[in-house]
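Colleague: Given next are the chains, with one letter for each unit.
There are 4 protein chains.
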Amino acid sequence: MNASLEELLTSCRSYTDLGKVASYIPELQKSDPHRLGLCILSCHGEYQAEGDARVLFTVQSIIKPILLLQALLDNGVDVVRAHVGVEATGKPFDAINYTDQILDSQHLNPMVNMGAIAVCSLIHGGSYEERFQRLLALTRTLAGDAPIQVNEAVYRSEKSHATKNRALAYLLKTYGIIHDDVEEVLDCYFRSCAISTDCTGLARIGGVLANQGRCPDTQKALIPPEYARFVNAILMTCGMYDGSGDFAVRVGVPAKSGVGGGIMAVVPGRMGIGIYSPALDEKGNSLAGIRLLELLSQAMDLSIF
Amino acid sequence: MNASLEELLTSCRSYTDLGKVASYIPELQKSDPHRLGLCILSCHGEYQAEGDARVLFTVQSIIKPILLLQALLDNGVDVVRAHVGVEATGKPFDAINYTDQILDSQHLNPMVNMGAIAVCSLIHGGSYEERFQRLLALTRTLAGDAPIQVNEAVYRSEKSHATKNRALAYLLKTYGIIHDDVEEVLDCYFRSCAISTDCTGLARIGGVLANQGRCPDTQKALIPPEYARFVNAILMTCGMYDGSGDFAVRVGVPAKSGVGGGIMAVVPGRMGIGIYSPALDEKGNSLAGIRLLELLSQAMDLSIF
Amino acid sequence: MNASLEELLTSCRSYTDLGKVASYIPELQKSDPHRLGLCILSCHGEYQAEGDARVLFTVQSIIKPILLLQALLDNGVDVVRAHVGVEATGKPFDAINYTDQILDSQHLNPMVNMGAIAVCSLIHGGSYEERFQRLLALTRTLAGDAPIQVNEAVYRSEKSHATKNRALAYLLKTYGIIHDDVEEVLDCYFRSCAISTDCTGLARIGGVLANQGRCPDTQKALIPPEYARFVNAILMTCGMYDGSGDFAVRVGVPAKSGVGGGIMAVVPGRMGIGIYSPALDEKGNSLAGIRLLELLSQAMDLSIF
Amino acid sequence: MNASLEELLTSCRSYTDLGKVASYIPELQKSDPHRLGLCILSCHGEYQAEGDARVLFTVQSIIKPILLLQALLDNGVDVVRAHVGVEATGKPFDAINYTDQILDSQHLNPMVNMGAIAVCSLIHGGSYEERFQRLLALTRTLAGDAPIQVNEAVYRSEKSHATKNRALAYLLKTYGIIHDDVEEVLDCYFRSCAISTDCTGLARIGGVLANQGRCPDTQKALIPPEYARFVNAILMTCGMYDGSGDFAVRVGVPAKSGVGGGIMAVVPGRMGIGIYSPALDEKGNSLAGIRLLELLSQAMDLSIF
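Protein chains in written order, with the working numbering: chain G, 558 to 862; chain E, 558 to 862; chain U, 558 to 862; chain A, 558 to 862.
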């Protein structure tokens, strides 16, 4: 199978020419568009890696399912659902989900920016510093021995350029969906998005989600199985932004992408997958990464449908 | 297990008080809101039925996945996808998916009315009569020995009252998404929605989709497995209208509801489920039906996540 | 002054090259794009005409203020305002003024299609034939000795091609804003739009509106002054579709355009103006016609601001 | 006439019970809802005042036409129009004029918040302090001997509470419509809105606009007549937010309202009118103020239609 993974990866390299690295902040623009890495961790702890599996990148939106997990752990499902909805928005990741001059919390989705910013304010902690440290600790718990750091340059770049996310956060405040200081909430969000890892980190986190919340290596319970399932269901319907429907028919597993070029895929009961390739398609998803997952899905019959 | 199904069904009866039968056409309003029926057909042909499993009702929107299947069989995936999108719309079933004065075919979804009307025009046939007869034949093939009829009263009632669907169809024509005579396309759509069956019919159709396109009784291939998978993926992300995300987290299987009160659920590799209970929630989904599926999912561990 | 009008008109001829005749129905596409005509009728009955002032064309949307007048005469201001709003929509003439899946009558405007179709249903009459005949009679009363006919070819062409207007009308019916048979209401609307006249007709009708409802020739009261004022106010804010603001700053008088190429301008207390030039700008207004009005406004100090 | 003005004002007092003072910032909420003042200044310098004509209040949105004037004086019409549109938005004063995820400068309007914030960035000056001082100086020039001050408490209250305006400004920055520091632009905007005056100030400013840019007392030219006309035209179509169409048919003159309770009306060639009554209707316009203007319009035949 290792040989085959290498072949699949090689056959997708040319797709890295077709996308563009994220350019909205200078730091992300420095990424090498031709990187392509893959890591798979089975629910039994079997591990495979190919290509640029050890290159670090910022998780960006892939932190969203972990933000949601932390909010679920701190508040339970009912409280979380009272603050954000779970329906697909039918709009891009940075959309203003605001129709007819009303902002309804049930129209927010934790997998797009506006909802994820709202979720930050649900994490428990005496300060936003503490909230962030708790999120970071959870991320490290899920990622096991994979590297989990904060990319300070990306964090600062994001913080100083993020006019759209500021607009979204001020709207959340205007409509009473967040109550804390906007800059504090945003700071937590920007730092979360600037957490960096590699394909092994994503495969490990995805592996926990695939394994009913248990660590694939030790089978130790890290999060309740019902929260893993909750997150997987939302990833299935909304994890790939407004490309989620296309991903469902082409690949058929829960997944979350980030504009840093990562994709974390979850094959329930079987494996977690981490992908890295920073050249993005028009919807902000890793172009070669999706292609690689499509081929993997066909080769390994991964679709849950 | 039969005893347990009966208990589950009994425990959901009181939920039938909380919904309302569809009232937009007089014929549907005649339904008895307290009906509740269930049928399960395993991929190995094992069959269980409880409650009002033999009461006939019109499938309404549950015909949408079959319309899509017929369009796929007649045209292949690429042609179908060139005419309709696969992303969730984030809007109600009868929404005008039209933003900023533009109607883009990729914003249509075959699981909501506007997209399903467009799909009708993709079915092959020398006349719309022939197209409908081919759809009806496919439905009967999928449903096996379950009753499949056309409820003429519902069809006529729908046809004479459906001003919103007429508006949607005239918009499709305006923007060149359908080219045929609007009334002919609509007539095919209204007759399709007025096809009636019972819970056994829905369980059988769902069973084929769950069984990679093969008949659960005979294991004979009825449709290509890739089309079954394609339809299941769309049902997962969009089958329950703007309640699809909620259904994914609560039940966790592909499903399609209709305002007639039916729900067809697909548990890939395991079973098809047919439910009937005509009292609907605010989104147009069977209220007690969703509750029953939620309990079934917990009891039988059905979630694919 | 006659010499000067001729010069102004000549200086605008080249603008007829910059627009396009309406092409959505075959009959309108036959118009000669280089036609340019002008007629002015002062409130004292002084009359001037230049260029193609005697060429017949269909009034199209210029019937909208007359539809509104007939509705006001039949029902009074309060009833009319209970059925349609008076605010600018901020959208094109054929927009679906429908936000967040709700259609509110107060978001309709009688100067855009959706509102005008609703206004048709307010005109009194035992049948839609009678309603139309009453509208035609009012138009003839306002136009005095100018030709007022129905262009049957345009009417039939419009009726058989108007899928967008059908969609709008079916939405009005869906939301209970019109109650009559959609095709009957639309038939009245299409015939109204197909009424043809020439620049003298528009100048005469505009002259009555400018002259507080009195005939400029005879000073006989044809309509109540408060209805003339009401219509003029709406023309000022909404008469030129989503080009009304631009027209207000450039020309500064109430006016109504039609896709047939006509513009009727009202200079309160001074004159009515009829213009014809069928090459349209992107918003559906006569391109050379607006330019001619802009020059006229400067030369004769017409702006009411 | 003085007696009559007093009677009109008295007859409107009861309307002050029907509205509500603005509550979005604590400072505005302190206003006495029963205040009602009126001042009229004819183009010949004749002056009349009634009721609470000498009570100071913040101009709020009534600064918008002066912001626009300053931008016109500094840049000319073409530059201004390249940055903001002139069409009615069909939406409330604080709307996000953003459709389908695009923000087009031509969809901005200088009479609603988003457009006015953009206009602030067009005013010339080496610093935003200087820009504001230039605006203040223009306001004082237009207001003659009427009091023009900055209400520091309102300014600070607005600055610390204005989450919606911050969201709007960050969107303008995101889409490249403003380039300066968001907080600096907003600071200028908040201070401008916090300028206070009384009814005599509004009547004086309106009088200049009514008198082709000349001071009604001295007939000295203060602003070019074409800019006065430009502003009046925009006030007519958009000055009363999404109540502009209603105001046009009921009152029929250009006017601008502010949530502080003021209305400045312009009767071209005749007079400027200042009104104060802080109890607002649902659209944010002074409720008794509009009623008083409606009665004044009827009594003095003010409508320009």
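Since the hints were made in silico from the structure, they are not lab data. Each hint should be verified, as a subset may be incorrect.
Same chains, same names: a pair is fine if it fits in one copy or spans any two.
Below, computed lysine to any residue pairings styled on SDA-like, alpha-carbon distance capped at 25 Å [said to hold, decoys possible]:
hint	residue 1	residue 2
1	K716	E741
2	K716	D744
3	K577	P781
4	K577	T720
5	K840	V636
6	K777	Q586
7	K587	G770
8	K716	S568
9	K577	S860
Colleague: Now look at each hint and say whether the structure bears it out.
Modeller: Verification of the supplied hints:
Taking the shortest alpha-carbon separations for K716 and E741, both the intra-copy value of 11 Å and the inter-copy value of 18 Å come in at or below 25 Å. Within a single copy, K716 and D744 get their C-alpha atoms as close as 7 Å, and across copies as close as 21 Å, so both meet the 25 Å cut-off. Taking the closest pair of Cα atoms, K577 and P781 never come within 25 Å of each other, the shortest separation being 38 Å inside a single copy and 36 Å across copies. Taking the shortest Cα distances, K577 and T720 sit within 25 Å of each other inside one copy (21 Å), while across copies they are farther apart (34 Å).
Only between protomers do K840 and V636 lie at most 25 Å apart by alpha-carbon distance; the minimum there is 22 Å, versus 30 Å within a single protomer. For the homomeric pair K777 and Q586, neither the shortest alpha-carbon distance inside one copy (39 Å) nor that between copies (53 Å) is at most 25 Å. Taking CA atoms no more than 25 Å apart as the test, K587 paired with G770 passes in neither setting, with 35 Å inside one copy and 47 Å between copies. For a Cα distance limit of 25 Å, the shortest separation of K716 from S568 qualifies neither inside one copy, at 37 Å, nor across copies, at 52 Å.
In this homomeric assembly, K577 and S860 never come within 25 Å of each other (Cα to Cα): the closest approach is 27 Å inside a single copy and 37 Å across copies.
Hint compliance for this structure: hints 3, 6, 7, 8 and 9 are not met, and every other hint is.
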